[in-house]
Every structure is written in C-alpha cells, then in structure tokens.
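Okay, so the sequence shown: first residue is 9 according to the working numbering, each after it adds one.
Incorrect hints may have been included.
Simulated restraints on C-beta separations [claimed, not checked]:
(1) Asp147 with Thr172: 46 to 52 Å
(2) Glu117 with Ser174: 31 to 37 Å
(3) Arg151 with Asp111: 22 to 28 Å
(4) Asp92 with Val186: 20 to 26 Å
(5) Arg126 with Glu200: 22 to 28 Å
(6) Thr172 with Pro41: 21 to 27 Å
(7) Thr192 with Ile149: 25 to 31 Å
(8) Pro41 with Ser205: 34 to 40 Å
(9) Asp147 with Glu73: 14 to 20 Å
(10) Asp153 with Gln131: 21 to 27 Å
Simulated from the structure, these hints should not be mistaken for laboratory data. For clarity, every value in this text was computed on a predicted model and none was experimentally measured. C-beta atoms are modelled at their ideal positions from N, C-alpha and C, and glycine is treated no differently.
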Amino acid sequence: MRRQTRPRLVGLLVGMLSSGLLSSVASAQDVDPARAAAEAFREGSVAADDLRWRDAERAFARAFELSGLPQALYMQGVALRALDRPVAARDTLRRVVALLERDAAARTENADILAEARALADQSEARIARLEIGPLSPDVILRVDGRVHRAANERVEIEVDPGTRSVVVELEGHETFVWSGEATPGARTTVEVVQPSSAGSAADEAPSRRRRRAIVATLVSVVLVGAAVPLGLSLSRSPDRITPQYPERVFEVP
C-alpha cells in the first residue's frame with residue numbers, strides 16, 4: 009500500500025493547476041510554457057507520492073520557473089523539507105509567504121497555503137544547525153562544504169543542514185586548517201581555527217634536523233670506539249674469524 013506523504017493541500021493544488029490556473033499566467037503566445045509547467049507539477053506530485061523527493065524538488069522548481077506561481081514554490085519547499093535541507097526549505101517557504109502577502113487577492117484565495125508555509129518555515133528554522141568558526145583573519149579563504157564564505161568578522165556563524173559538515177580555512181603563509189564533524193539539528197557547534205605559520209615550521213625544522221644528525225654522529229662515534237677495544241684484543245689473541253659486535257644495529261642519518 010502506497011504511503012501518503014503529501015500534505016493535504018497537494019490534491020487541491022494539482023486540481024487548480026490541471027484546471028487551467030496556469031493559463032492565467034501565459035499569454036496566447038505562451039501556451040506551451042503553461043502546459044509544460046502543469047506537466048512539471050504533475051510529475052512532481054507523482055514523485056512525491058513515490059517518495060522520490062529529489063525528483064519531486066526538481067520538478068516543482070521547474071514548474072515555478074515556468075509559471076511563477078507560489079503554489080509550485082510551496083511544493084518545492086515541502087520537497088526540500090522532506091530531503092532534510094532545512095536551510096533551503098526555510099528560505100523557499102518564506103519566499104512563498106512573501107509572494108502571497110504581496111497580493112491581497114492571492115493572500116485571501118490561498119489562506120491555507122499561506123498558513124502552512126509559515127508553519128513549515130518555522131519548523132525548518134528549528135532544524136537548522138549553525139557553525140561558529142574562528143578566530144579568522146580578514147584575508148582567509150573560508151570554505152564550508154566546498155562553498156566559499158566571506159569572513160567579515162573574527163568569528164562567523166554559518167547556517168548548515170544537519171549532518172557531517174566540513175570546514176577548510178586557508179591563509180597565505182599558514183598551514184591549512186581542516187575540520188570535519190557532525191552538525192546537530194537546532195544546535196550551534198564551535199569550530200576553533202588553529203593555523204600555525206608555515207614559514208615558522210620550516211625554520212624550526214632545520215635546527216631540529218641538525219640536532220638529530222649531531223646525536224646520531226655522537227652515537228656512531230661511541231659505538232665505533234667501543235667496538236675498537238674488543239676488536240684490538242681479538243686481533244692480538246688469535247687470527248680467528250672476527251664476529252661483529254653489533255650485527256643487528258643499523259645507523260641511518262636522515
């Protein structure tokens with residue numbers, strides 16, 4: 009048995025679009041776009057019934073692009089919400105509210121859609137996760153999930169969908185900062201950025217390498233001197249084959 013997933017308004021919306029509502033936004037020369045919009049809406053409705061929410065979202069977005077009707081945009085917001093993309097869902101549903109409130113007649117005719125759009129926008133808002141990232145230099149390149157964001161302040165707050173998110177901060181002359189973690193619905197996660205100077209790291213590495221070589225050289229000298237004593241005694245005692253004193257020891261200078 010097919011699971012009913014669409015809101016109660018979907019049947020009404022399909023009927024409105026199929027009965028010729030889209031023709032009101034098309035002139036006599038634009039019948040094909042109106043028909044294409046109605047077909048896209050029907051495709052989205054079928055996809056939503058089958059829980060194919062990605063297909064549904066694309067179809068409803070196409071219907072709105074062709075028609076400009078807030079009813080199609082509303083259904084795109086419903087699909088985005090089902091995909092657990094609360095940031096885009098909230099923004100889309102708020103856009104529906106703005107479109108309907110702009111026209112008094114549309115606001116009256118679509119009072120139910122307006123009320124549900126407001127409620128779903130609020131529900132989506134409650135699921136949005138937030139990343140508080142910093143400290144940041146004004147010159148950094150900040151990427152969250154691959155998207156570049158402007159670092160206007162020392163600490164920035166980025167709205168994200170719940171789930172595993174990634175943060176990359178790049179700054180010339182410093183090591184790249186990379187973070188990956190879980191963003192909890194409705195919660196704020198703090199990401200502390202630490203970027204040591206890459207030039208300083210290289211400078212510190214040279215003395216460290218010299219110290220390691222000096223230590224190894226000292227150890228080699230000690231071992232060779234220690235090995236020379238038993239070796240001299242062995243040569244003075246007998247011409248028998250000499251067995252290395254440290255056959256398993258290998259010294260390597262990095």
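Okay, the hints, checked on the actual structure:
1. Between Asp147 and Thr172 the C-beta distance comes to about 28 Å, which lies outside the given range of 46 to 52 Å.
2. Roughly 45 Å separates the CB atoms of Glu117 and Ser174, a value that falls outside the hinted 31 to 37 Å.
3. Look at Arg151 against Asp111: about 40 Å separates their beta carbons, and that is not inside 22 to 28 Å.
4. Roughly 25 Å separates the CB atoms of Asp92 and Val186, a value that falls within the hinted 20 to 26 Å.
5. The hinted window of 22 to 28 Å between Arg126 and Glu200 is violated, with their beta carbons roughly 37 Å apart.
6. Hint check: Thr172 to Pro41, Cβ distance near 40 Å, so the stated range 21 to 27 Å is violated.
7. Between Thr192 and Ile149 the beta carbon distance is about 26 Å. The supplied range of 25 to 31 Å therefore holds.
8. Range check, Pro41 to Ser205: about 58 Å between beta-carbon atoms, so the 34 to 40 Å window is missed.
9. Taken as a hint, the range 14 to 20 Å is violated for the pair Asp147 and Glu73, whose Cβ atoms sit roughly 38 Å apart.
10. Range check, Asp153 to Gln131: Cβ separation about 23 Å, and the 21 to 27 Å hint holds.
Checked against the numbered hints above, the structure violates hints 1, 2, 3, 5, 6, 8, 9; every other hint is satisfied.
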